[in-house]
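Engineer: Sequence:
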Amino acid sequence: WRIRAVAGRRARSLARTLGPGVSAHRQAAHAVIRGDAVLLALPQEALAELAASLPDKAVGRRIFLHTCGGAPDDALDPLRAAGAATGRLHPLYPFTGRDEDAKGLRGASFAVSGSARAVALGARLTRSLGGKLLRLPPGGETAYHLSAVLASNLVVALAAEAARLGPHWGQTPADALEALLPLLRAAVDQLQHRGLPGALTGPLVRAESGTVRTQLELLRRTGHRDLAEIYRLLSRTGVDLALQGGHLDARQGRALKRLLGAHKSSRKSD
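If you read the sequence shown in our numbering, its first letter stands for residue 20, the second for the next number, and so on.
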């Protein structure tokens, strides 16, 4: 792939990194006209603004792919109306801004949707990066991105909550996180090799209602009310997994769910 131009806050630095022949621009329109295909790596709120701001002469019959996982299918409609092919190419991978991020793309899934020309280009880019193609159905972007947020961003938030409990067992939050990281890695490894429900371990699969009770009491006593609600919600899901895996009988499952409290909202089954 030949990259001809880049635009954005770090355009000059990025152009130098990409090498000779890549021009840097402050205005997106000046970069767009130099290519046949355009990759828009922007937050969702900026996509519509950019799509509405590009003049028709900068749009033409170019292909525009955005990398925003949760943006609606019509995010680039102004460009499509001007004659462009539009779509999504979202890598299902967490980016932190480090150069090492690119190494993780091989083997990652790339969500692709949009017009035929855009999807075809997205598929070619995915293959060239060593990724796996994931075709999104119309209207599926919100559920897809929600799954990604739950599996990645909120896992980090949950790890932060776990580390915050460190002072209660003699560790700073930083030291607690360091101690917990091997456990996190092992849990992901179990998910990869054993899947669901087989990856679940811990007190729920052993029907240890006493452990659950004392942990809930600690959260109550220390004022972690929000974390207690998270614990109850996720533990109810854990009980369902333990039942599916044959670790609990129906009586044990009912007892644990009584201890954890009733659902406050209905849950739609898959």
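To be clear, the hints were calculated from the coordinates, so they are not data collected in a lab.
Keep in mind that the hints are not guaranteed to be accurate.
No more than 20 Å apart at the CA atoms, straight line, and that leaves these computed lysine to aspartate or glutamate pairs for DMTMM-like [to be verified]:
#1 Lys-276 with Glu-248
#2 Lys-122 with Asp-96
#3 Lys-276 with Asp-245
#4 Lys-276 with Glu-197
#5 Lys-276 with Glu-236
#6 Lys-151 with Glu-180
#7 Lys-76 with Asp-92
#8 Lys-276 with Asp-259
Owing to the predicted nature of the structure, the values given are computational and were not obtained by experimental measurement.
Engineer: Given the hinted pair Lys-151 and Glu-180, is their Cα-Cα distance within 20 Å?
Structural biologist: Status violated; Cα separation ~33 Å.
Engineer: What's the verdict on Lys-276 and Asp-259, does the C-alpha distance respect the 20 Å limit or exceed it?
Structural biologist: holds, 9 Å
Engineer: Is the Cα-Cα distance between Lys-122 and Asp-96 20 Å or less?
Structural biologist: Status violated; Cα separation ~32 Å.
Engineer: Given the proposed pairing of Lys-276 with Glu-236, does the C-alpha separation stay at or below 20 Å?
Structural biologist: Measuring from Cα to Cα gives roughly 16 Å; hence the hint holds.
Engineer: Assess, step by step, whether the Cα of Lys-276 is no farther than 20 Å from the Cα of Glu-248, and give holds or violated.
Structural biologist: Status holds; Cα separation ~13 Å.
Engineer: Is Lys-276 close enough to Asp-245, meaning Cα to Cα at most 20 Å?
Structural biologist: Distance ~19 Å between Lys-276 and Asp-245 Cα, so the pair holds.
Engineer: Between the alpha carbons of Lys-276 and Glu-197, is the straight-line distance 20 Å or under?
Structural biologist: violated, 32 Å
Engineer: Taking only the CA atoms, is the gap from Lys-76 to Asp-92 under or equal to 20 Å?
Structural biologist: Answer violated: Lys-76 to Asp-92 is near 23 Å, above 20 Å.
Going down the numbered hints, you'll see the structure goes against 2, 4, 6, 7, while the others check out.
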